[in-house]
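Here the protein sequences come in this chain order: U and Y. Quick note: the first sequence uses our numbering, first residue 1, plus one each step. Quick note: the second sequence uses our numbering, first residue 1, plus one each step.
Treat each hint with caution, since some may be false.
As the list claims (entries may be wrong) - Now the in silico label distances, taken between C-beta atoms and shown as ranges: (1) U/132 / Y/242: 22 to 32 Å; (2) Y/239 / U/202: 44 to 54 Å; (3) U/39 / Y/21: 46 to 56 Å; (4) Y/218 / U/38: 16 to 26 Å; (5) Y/122 / U/101: 37 to 47 Å; (6) Y/273 / U/202: 47 to 57 Å; (7) Y/3 / U/132: 50 to 60 Å; (8) Y/374 / U/201: 46 to 56 Å; (9) U/101 / Y/17: 31 to 41 Å; (10) Y/199 / U/15: 43 to 53 Å.
Quick caveat, the hints were computed from the structure, so don't treat them as lab data. All values derive from a computational prediction rather than experimental measurement. Note that CB positions come from ideal geometry on N, CA and C, so glycine has one too.
Single-letter residue listing:
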Amino acid sequence: MDLALTDDQRAILSAVDTLVRPFEAAPLHDAPLAATSDDLDAQLRLNGFLDVARDPDLGTVTAAVVIERIARLPFATEAAFSAMIGPLLGEVPGPICLIASRRTPQLVRFLAPGTTVVIVGEQEVESFVATQDHLRAETGALYGYPMTSLVALPDERQIHDIAPSIMFIRWRAALAAEAAGLLAAALASTVAHVSEREQFGRQLATFQAVRHRLAEAQVRANGVYWLAMKAAGTLDPGDAALAAWHAQESARACVYDFHQFLGAMGMTLEHPLHMWTYRLKALIGELGGRASNAAAAADALWGLSNS
Amino acid sequence: MQFTWTKDEEAFRERLKAFLADTLPEDWERFSQHGPASPSLTRYAESFCAALAREDLLTPHWDKDIGGQGLGPWFQTILAEEMWIAGEPRGGQYMNVNWIGPTLITYGTEQQQQRYLPPISEGKALWCQGFSEPGSGSDLASLRTRAELDGNEYVVNGQKIWTSYAGLADTCFLLCRTSDDRKRGITILLVPMDTPGITVRQIPSLIGEGDIHEVFFDDMRVPATARLGEEGQAWEIIAYSLRNERLGIPRYSLARAALDRAVSILQHRGDFTREAVRIEAAEAAALTEAARMASYAIVTRRAEGQVIGQESSSARFATVMCERRVAEFIVEHLPEALADDHPYLKMHHQRGIVAGIAAGAAEIQLNIIASDVLELPREPR
Ligand SMILES: Cc1cc2nc3c(=O)[nH]c(=O)nc-3n(C[C@H](O)[C@H](O)[C@H](O)COP(=O)(O)OP(=O)(O)OC[C@H]3O[C@@H](n4cnc5c(N)ncnc54)[C@H](O)[C@@H]3O)c2cc1C
C-alpha cells in the first residue's frame with residue numbers, strides 16, 4: 001500500500017497545472033450557467049492529457065488524477081469520460097457522452113453535434129456520433145455543464161465488444177474523480193469567502209457553526225478523492241459503486257452548505273461558486289442517483305441474496 | 001385539536017382556486033419561471049392584482065376599518081398558500097399586502113397613507129425593501145447608509161444591495177442611519193425611486209432575471225415628510241412589520257405541490273416502483289408536513305390573539321429543511337426538471353434554493369432557536 005503519486009503522475013500533474021493556468025480565473029458570464037472554453041478543450045486533447053490511461057504505465061489512476069485536477073477549473077470541459085472510458089472504445093471522436101438507457105428525451109452533459117454517445121445498456125454497449133437531428137439544446141438548464149436533450153437515436157449504431165459492467169465501473173470512477181475536484185474547488189471558494197467576509201464584527205469563519213460544517217466538507221471531499229482514486233486503481237465494481245455513492249451523497253450535503261455560507265453572494269453569477277456547485281448538482285442525478293449506486297455497492301460487497 | 005378546515009375556510013380556498021384557474025393565462029407555468037421580480041411577471045402582476053382587488057381578494061386579511069374584510073390569520077394563511085403554490089402571481093406586490101400596507105396604516109401620517117395606500121389596495125403599487133447593504137446582511141443593525149437632515153430635507157448617501165424589485169419599483173422602504181446608536185440610530189424613509197441621485201444596477205443571478213440589485217444613493221434628497229415614524233424608530237417599526245410576516249412565505253405548500261408533481265411524473269413514466277425512490281419521496285413529504293404543522297401551530301396562536309415572538313423561527317427552519325429535501329429529491333430523481341421539460345418544478349427550484357438565505361439566513365434562525373426557545377447560555381463574544 002502506498003498512496004503517494006508516482007513521479008510520472010507528479011510530472012503530468014505539474015504539466016496540467018501549467019497548461020490550465022490561463023483558465024484558473026472564473027470568466028464573467030451570463031446565463032446559461034455553464035462556462036466553457038473551446039481553447040481549453042482543444043489544448044487538453046492536443047497535449048494528450050486525456051489519453052494518459054492509454055499508456056499502460058500510467059493507467060486509470062493517472063486518468064483519475066487528471067480528471068480531478070481539471071474539474072477544479074471554473075470551466076466545464078469533458079475530460080472525465082474521454083480519459084477514463086475513451087481507451088476502452090478505441091478511436092472515437094471526443095467529447096464522449098454516456099447514457100444508461102435508450103430513453104428519449106434525456107438530458108445529457110456535453111452532448112453536441114460530433115460527440116460520441118455511448119449507450120451502456122443492460123446487455124450491450126453501443127455508440128453513435130451525434131448529429132443535429134438527435135439533439136435539442138437546453139440553454140436554460142440550471143446546471144453548470146452545457147446540457148442537451150437527446151431526442152432521437154440513429155438506427156445505425158456501433159456495437160462495442162465491452163461488457164456493460166466494465167463500463168459502469170469506469171463511469172462511476174470517473175464521476176467520483178470529477179466530483180472530488182469539484183468539491184475541493186467549491187470548498188476552497190467558500191473558505192475564501194467566509195475568511196474574508198465579516199458580520200457582527202468578526203469573520204464568518206470564526207463562527208463555530210460555520211467552521212464545523214466546512215471541516216466536515218473537507219472530510220467528505222477528502223473521502224471522495226481517495227475512494228475515486230482507489231476505484232480507478234482497482235477497477236473493482238464494489239470500490240467504484242462506493243466511490244460514486246460517496247460522491248453523490250457529499251455533493252448533496254456540501255452544495256447546500258456552501259451556498260448557505262455565501263449568503264446572497266452565492267446566488268449571483270458574479271461569484272464563481274455556482275460553476276462548481278451547479279456541476280455537482282448534475283452529478284447527483286447521474287447513474288440513477290445515490291440509491292442505485294448504494295444498491296450496486298451492496299450487490300458487489302455482499303451478493304444479491306439473503307444467505 | 002382539530003385537523004380539518006371549517007366550511008368557510010374550505011369555501012375560501014375553493015374560491016381562490018377557481019379564481020386562479022379562471023384568471024391565470026394558459027401558459028402560466030412556463031411564464032412563471034421568470035422570477036417574481038422579472039419585468040414580465042411584474043407587468044402581469046399589475047393586471048392580476050387589479051383583478052384580485054376587484055374580487056376583494058387582494059387585502060381581505062386587513063382590518064375592516066383600513067379597507068380589508070378583517071379575515072383572520074387562517075384565511076391569510078390560505079391566501080398565502082394558494083398564491084405561493086401558483087407561483088406567486090402577485091409578484092412583488094405580496095410585500096405590499098403582507099406588511100408594507102399594514103405598517104403604513106399603523107405608523108404613517110395621514111398624508112403618507114393617502115398617497116400610498118390607494119395604489120396598494122388597487123394592485124398598482126410596487127415597493128422595494130432597502131435593508132441589506134454590502135457590509136450588512138445578517139448583521140442588519142450595522143447598516144451605514146446615512147441620512148442627514150439639511151433644512152427640511154434628508155440627504156442620503158450610501159448603498160443597498162440584494163434589493164429585489166428595485167429596477168421596477170416606484171417606492172423604496174429604505175432604512176438609513178441618522179445617528180450612531182446601533183439600533184436606535186436607524187430611520188425609515190419612503191423614497192420614490194425616480195428621485196434624482198438614485199442609481200440601480202441589476203445583479204445577474206442564478207435565480208432569474210431582475211431579482212436582485214444594487215441601489216446607490218448619491219446626495220439624494222427627499223423632504224423630511226418622507227420619514228415614516230420618528231427618527232430612530234425603524235427597529236421598532238420593522239419588528240412590528242415582521243410580526244405580520246413572522247412566518248414568512250408558506251414555502252411548505254409549494255414544496256409539497258412540487259413533490260406531488262414530481263412523483264406523478266415518475267409514476268407516469270413507470271419509475272415510481274423503486275423502493276428507494278418511494279422511501280425518499282415519503283421522507284421529503286414528512287418534512288413538508290412537519291413544516292406545515294409547525295406553521296399551523298403558530299397560526300393557531302395568532303388566531304387566539306397572541307403575539308408571536310421568536311418561536312416562529314422553529315417553523316421557519318422547518319420550511320428550510322423541507323425545501324432542501326424536496327429540491328434534492330427532484331435533482332436526484334428527475335434531473336431534467338432543471339431543464340425545460342417541467343417548468344413548474346424548475347420554478348420551484350428557483351424559488352426554493354433561497355429559502356435559507358433571503359429574509360434572513362437559516363443559521364440566524366438556528367441561533368434564535370438556541371437562545372430564545374431552548375434558552376441555551378449564549379456563546380462568549
Ligand atoms: C433572492 C434574494 C432576495 C433578497 N431580497 C432582498 C431585498 O429585497 N431587500 C433586502 O434588503 N435584502 C434582500 N435580500 C438579502 C437578504 O436579506 C440577505 O441575503 C440575508 O439577510 C443574509 O445576508 P447576507 O447575504 O449578507 O449573508 P451574510 O450575512 O454574509 O451571511 C452569510 C452566511 O454566513 C452564515 N452566518 C452569518 N452570520 C452567522 C452567525 N451569527 N452564526 C452562524 N452563521 C452565520 C450563514 O450561513 C449565512 O447564510 C435578498 C436575498 C436574496 C438571496
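Here's how the hints hold up against the structure:
1. U/132 / Y/242: 22 to 32 Å: violated (54 Å)
2. Y/239 / U/202: 44 to 54 Å: violated (25 Å)
3. U/39 / Y/21: 46 to 56 Å: Holds - the Cβ-Cβ distance for residue 39 of chain U and residue 21 of chain Y, about 52 Å, lies within 46 to 56 Å.
4. Y/218 / U/38: 16 to 26 Å: Taking Cβ atoms as reference, residue 218 of chain Y and residue 38 of chain U lie about 42 Å apart, which means the hint is violated.
5. Y/122 / U/101: 37 to 47 Å: violated (54 Å)
6. Y/273 / U/202: 47 to 57 Å: At roughly 52 Å between Cβ atoms, residue 202 of chain U and residue 273 of chain Y fall inside 47 to 57 Å, so the hint holds.
7. Y/3 / U/132: 50 to 60 Å: holds (56 Å)
8. Y/374 / U/201: 46 to 56 Å: violated (25 Å)
9. U/101 / Y/17: 31 to 41 Å: This hint holds: roughly 38 Å between Cβ atoms.
10. Y/199 / U/15: 43 to 53 Å: holds (48 Å)
The structure does not agree with the numbered hints 1, 2, 4, 5 and 8 stated previously, though it agrees with the rest.
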